[in-house]
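Can you build the whole structure from these sequences, using the hints too?
Line order of the protein sequences matches chains A and B. So the first sequence is residues 4 to 242, counted in the numbering used here. So the second sequence is residues 4 to 242, counted in the numbering used here.
Don't take every hint at face value.
Copies of the same chain look alike in the list, so a pair counts if it works inside one copy or between any two.
Dumping the calculated DSBU-like pairs for lysine-lysine here, alpha-carbon to alpha-carbon at most 35 Å [claimed, not checked]:
# : residue 1 : residue 2
1 : K210      : K56
2 : K9        : K222
3 : K166      : K9
4 : K9        : K96
5 : K56       : K166
6 : K233      : K91
None of these hints come from the bench; they were simulated from the model.
2 protein chains.
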Amino acid sequence: MATDGKPTLQHLNNSQSQPILWLLEELEIDYNLNLFERHTSGPKKSRAPDTLKETHPLGKSPQLITPEGRTIIERAAIAYYLIDKYDKTGRFKINPSDSNNDIIREEELISFGNASLYPALMTQLVFDLLRTQSPFFVRPFTGGIASMVNKAFLNHEIAIMIKYLDDQLEGRDYFMGTTEPTRVDFLYMWPIDLGQQSHGSSVDLDKHPRLKQWWARCKARPAWQRAMDKGNGYVFNEY
Amino acid sequence: MATDGKPTLQHLNNSQSQPILWLLEELEIDYNLNLFERHTSGPKKSRAPDTLKETHPLGKSPQLITPEGRTIIERAAIAYYLIDKYDKTGRFKINPSDSNNDIIREEELISFGNASLYPALMTQLVFDLLRTQSPFFVRPFTGGIASMVNKAFLNHEIAIMIKYLDDQLEGRDYFMGTTEPTRVDFLYMWPIDLGQQSHGSSVDLDKHPRLKQWWARCKARPAWQRAMDKGNGYVFNEY
Numbered sequence: 004m005a006t007d008g009k010p011t012l013q014h015l016n017n018s019q020s021q022p023i024l025w026l027l028e029e030l031e032i033d034y035n036l037n038l039f040e041r042h043t044s045g046p047k048k049s050r051a052p053d054t055l056k057e058t059h060p061l062g063k064s065p066q067l068i069t070p071e072g073r074t075i076i077e078r079a080a081i082a083y084y085l086i087d088k089y090d091k092t093g094r095f096k097i098n099p100s101d102s103n104n105d106i107i108r109e110e111e112l113i114s115f116g117n118a119s120l121y122p123a124l125m126t127q128l129v130f131d132l133l134r135t136q137s138p139f140f141v142r143p144f145t146g147g148i149a150s151m152v153n154k155a156f157l158n159h160e161i162a163i164m165i166k167y168l169d170d171q172l173e174g175r176d177y178f179m180g181t182t183e184p185t186r187v188d189f190l191y192m193w194p195i196d197l198g199q200q201s202h203g204s205s206v207d208l209d210k211h212p213r214l215k216q217w218w219a220r221c222k223a224r225p226a227w228q229r230a231m232d233k234g235n236g237y238v239f240n241e242y
Numbered sequence: 004m005a006t007d008g009k010p011t012l013q014h015l016n017n018s019q020s021q022p023i024l025w026l027l028e029e030l031e032i033d034y035n036l037n038l039f040e041r042h043t044s045g046p047k048k049s050r051a052p053d054t055l056k057e058t059h060p061l062g063k064s065p066q067l068i069t070p071e072g073r074t075i076i077e078r079a080a081i082a083y084y085l086i087d088k089y090d091k092t093g094r095f096k097i098n099p100s101d102s103n104n105d106i107i108r109e110e111e112l113i114s115f116g117n118a119s120l121y122p123a124l125m126t127q128l129v130f131d132l133l134r135t136q137s138p139f140f141v142r143p144f145t146g147g148i149a150s151m152v153n154k155a156f157l158n159h160e161i162a163i164m165i166k167y168l169d170d171q172l173e174g175r176d177y178f179m180g181t182t183e184p185t186r187v188d189f190l191y192m193w194p195i196d197l198g199q200q201s202h203g204s205s206v207d208l209d210k211h212p213r214l215k216q217w218w219a220r221c222k223a224r225p226a227w228q229r230a231m232d233k234g235n236g237y238v239f240n241e242y
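Right, dumping it as structure tokens:
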């Protein structure tokens with residue numbers, strides 16, 4: 004794929020690609036933006052279009068195609084690449100010599116978001132789909148089961164995790180104690196948005212003022228606003 | 004907590020801590036091992052004991068307590084710390100100047116395991132629990148729903164992901180093209196073991212010979228065997 008010296012974002016609406024678009028806007032670099040749309044009806048409703056498979060076998064978004072033609076997947080890797088390559092002044096980088104905000108803490112937070120919080124939120128979301136998307140005649144059963152599992156386990160687990168994240172922002176504007184967002188912030192926007200917007204989620208920022216302020220601080224940034232204008236939608240409660 | 008100059012692993016049976024124990028054995032360093040056991044009965048059956056909260060508020064395992072008394076959570080962060088600090092000869096490190104196995108590819112693989120494969124496996128596992136652990140009188144409904152969701156979506160998604168991982172091992176003994184395992188291998192042992200051992204999982208290594216050989220190669224290492232001897236159990240199909 005010709006890239007004319009710029010990186011190219013393969014961007015899907017209503018997806019975890021939106022925070023990558025935010026990062027591209029923060030970096031103030033030239034890039035190409037290819038917009039893809041989820042299926043809106045039929046058996047593939049809400050699924051990504053097959054055209055995303057033309058640039059990567061998994062067919063997911065985001066994908067970033069480098070000027071050299073390499074396709075990078077996974078938000079953590081794309082954000083690493085973009086900041087490493089394009090943030091020449093270190094504006095969005097951590098200070099690894101700060102022992103309260105070093106690379107170990109960055110690794111902990113990134114892994115916690117990906118391997119602990121996100122799977123819990125996904126499970127909660129699937130249970131909610133089970134409750135709302137089942138045929139009406141089995142809904143009394145599936146809804147009851149979804150509520151039972153939520154109450155017994157997931158709500159409690161997710162509440163502990165969200166409180167832990169709120170504690171991580173004690174005395175910090177952004178997760179890594181910097182004055183500008185770093186990779187951790189770009190990555191956490193997705194699970195926090197997902198957790199708030201989904202039906203049936205237990206993420207309630209009103210109970211977690213530091214996390215709520217962090218969220219508002221990120222959303223108020225002009226680059227976030229520009230990314231919303233350039234994207235093709237970012238909602239999760241229509242499925 | 005006194006650590007007498009050694010790192011301390013807070014290790015839980017039948018958990019994702021086992022591959023960290025494997026890494027500790029590979030490093031051939033002195034360490035302390037504290038063994039914790041999941042509840043075997045009662046309302047907390049299969050849950051971690053509250054004593055794990057004494058060293059970290061989330062109460063999960065693995066936790067690694069450094070000689071300086073810092074508690075590190077999350078496998079990706081613990082493995083980063085251990086290899087960075089204790090692998091002085093670089094035996095378990097990647098070669099970042101190898102453009103086919105550089106840090107971007109490492110980030111992609113780690114994030115793919117944590118944020119894509121693992122949530123899909125967890126969702127499949129929860130559906131299977133729904134099928135097998137529901138009260139018998141609703142099992143015909145819940146089992147039917149679990150099978151429906153599996154067939155429609157999860158089996159297909161997971162099969163694509165496992166094939167992708169198998170492809171990543173083309174021409175490589177370990178994921179990062181090294182002659183010894185690196186952080187990526189230590190991290191992937193958990194989802195691959197989980198995916199194989201769980202009831203109802205669609206991970207079938209017989210269909211993926213490169214991944215099967217990688218798995219056997221890791222398991223045949225003397226350090227893996229020693230870690231199994233020192234741990235307190237590593238099975239997932241008893242819940």
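Hints, one by one, checked against the model:
1. In this assembly of identical chains, K210 and K56 lie within 35 Å of each other by CA distance solely across copies; the values are 22 Å between and 41 Å within a copy.
2. When the C-alpha separation of K9 and K222 is checked against a cutoff of 35 Å, the pair qualifies only within one copy, where the shortest distance is 26 Å, while the shortest distance between copies is 44 Å.
3. In this assembly of identical chains, K166 and K9 lie within 35 Å of each other by CA distance solely across copies; the values are 31 Å between and 40 Å within a copy.
4. Taking the shortest Cα distances, K9 and K96 sit within 35 Å of each other both inside one copy (21 Å) and across copies (31 Å).
5. Taking the shortest Cα distances, K56 and K166 sit within 35 Å of each other only across copies (14 Å), while inside one copy they are farther apart (38 Å).
6. In this assembly of identical chains, K233 and K91 lie within 35 Å of each other by CA distance solely inside one copy; the values are 24 Å within and 47 Å between copies.
Hint check: no violations occur; every hint is consistent with the structure.
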